[in-house]
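Trainee: Residues per chain, in single letters:
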Amino acid sequence: SQTIHQWPATLVQPVGSPLSLECTVEGTSNPNLYWYRQAAGRGLQLLFYSVGIGQISSEVPQNLSASRPQDRQFILSSKKLLLSDSGFYLCAWSVEGLAGIYEQYFGPGTRLTVT
Amino acid sequence: QKEVEQDPGPLSVPEGAIVSLNCTYSNSAFQYFMWYRQYSRKGPELLMYTYSSGNKEDGRFTAQVDKSSKYISLFIRDSQPSDSATYLCAMSRLLSARQLTFGSGTQLTVLP
Numbered sequence: 003s004q005t006i007h008q009w010p011a012t013l014v015q016p017v018g019s020p021l022s023l024e025c026t027v028e029g030t031s032n033p034n035l036y037w038y039r040q041a042a043g044r045g046l047q048l049l050f051y052s053v054g055i056g057q058i059s060s061e062v063p064q065n066l067s068a069s070r071p072q073d074r075q076f077i078l079s080s081k082k083l084l085l086s087d088s089g090f091y092l093c094a095w096s097v098e099g100l101a102g103i104y105e106q107y108f109g110p111g112t113r114l115t116v117t
Numbered sequence: 139q140k141e142v143e144q145d146p147g148p149l150s151v152p153e154g155a156i157v158s159l160n161c162t163y164s165n166s167a168f169q170y171f172m173w174y175r176q177y178s179r180k181g182p183e184l185l186m187y188t189y190s191s192g193n194k195e196d197g198r199f200t201a202q203v204d205k206s207s208k209y210i211s212l213f214i215r216d217s218q219p220s221d222s223a224t225y226l227c228a229m230s231r232l233l234s235a236r237q238l239t240f241g242s243g244t245q246l247t248v249l250p
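Chains as they are written, first to last, in the numbering used here: chain A, 3 to 117; chain B, 139 to 250.
Hints in this document: simulated from the structure, not taken from any laboratory. Bear in mind the structure is a predicted one, so any value in this text is a computation, not a measurement. Just so you know, not all the hints are guaranteed correct.
Claimed, not checked - Here are the computed lysine to any residue pairs in the SDA-like style, where the Cα-Cα straight-line distance is at most 25 angstroms:
1) B:Lys180 <-> A:Ser88
2) B:Lys205 <-> B:Lys180
3) B:Lys208 <-> A:Leu100
4) B:Lys208 <-> B:Gly147
5) B:Lys140 <-> A:Leu49
6) B:Lys180 <-> A:Thr12
7) B:Lys180 <-> A:Ser69
8) B:Lys208 <-> B:Ile156
9) B:Lys140 <-> A:Gln47
10) B:Lys208 <-> A:Gly45
11) B:Lys205 <-> B:Arg236
12) B:Lys205 <-> B:Gln139
13) B:Lys180 <-> A:Glu24
14) B:Lys140 <-> A:Gly89
15) A:Lys81 <-> A:Val62
16) B:Lys208 <-> A:Arg44
17) B:Lys205 <-> A:His7
18) B:Lys180 <-> A:Thr5
19) B:Lys180 <-> B:Asp196
20) B:Lys180 <-> A:Thr30
21) A:Lys82 <-> A:Ile58
22) A:Lys81 <-> A:Leu100
Chain A extracted, bound-state conformation:
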């Protein structure tokens, strides 16, 4: 069965510090990978998605970047964090299922607080 891991679970970082969040998926090959941010009481905002190694699409211009160095590894980074980067970061994966639906499955999330 497929499993998705995210770490760390919780992170407190000062403004201006760098960021690296990691996500790995087990039990599937060539998944689509996604990074979302969820603000308190809000829906999910898609930040990046990737259909393969080195292929990253950015949905929201900001000071964050993403990389996919391996098939099942997705990394979210920042060189200098802003207060507005605080939130709940979720990684997700999908593959094509029945009738062309791409069901997305989420990791446990990383709660980031920028102070």
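With chain A fixed as given, assemble chain B onto it according to the hints.
Mentor: Chain B only, in chain A's frame:
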């Protein structure tokens, strides 16, 4: 106007009640519809998906899609305290099915 609108609640019901959660959307290109459940401080988990108008049932959960009205619903029968969570609707377009557009979520509390 947001592409997907969802009543944020909060919604509070007694145990055993029938719960109705709803989303409306504006873009007729949406063809695939999903419901996610998110417990506090956890990642969302997929409950149900459908790609056609009508009803789809899974245990106590029924997903309903009305494409003509651009309206989807999730019904929970015999609600339990363990159903207390935020419910998110999500949908995708036929030609960009890899990407989902989410509603903002409805917070549900089922009181014992």
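Trainee: Run the structure past the numbered hints and jot down the numbers of the failing ones, going up.
Mentor: Result: hints 2, 17 and 22 break, sorted rising.
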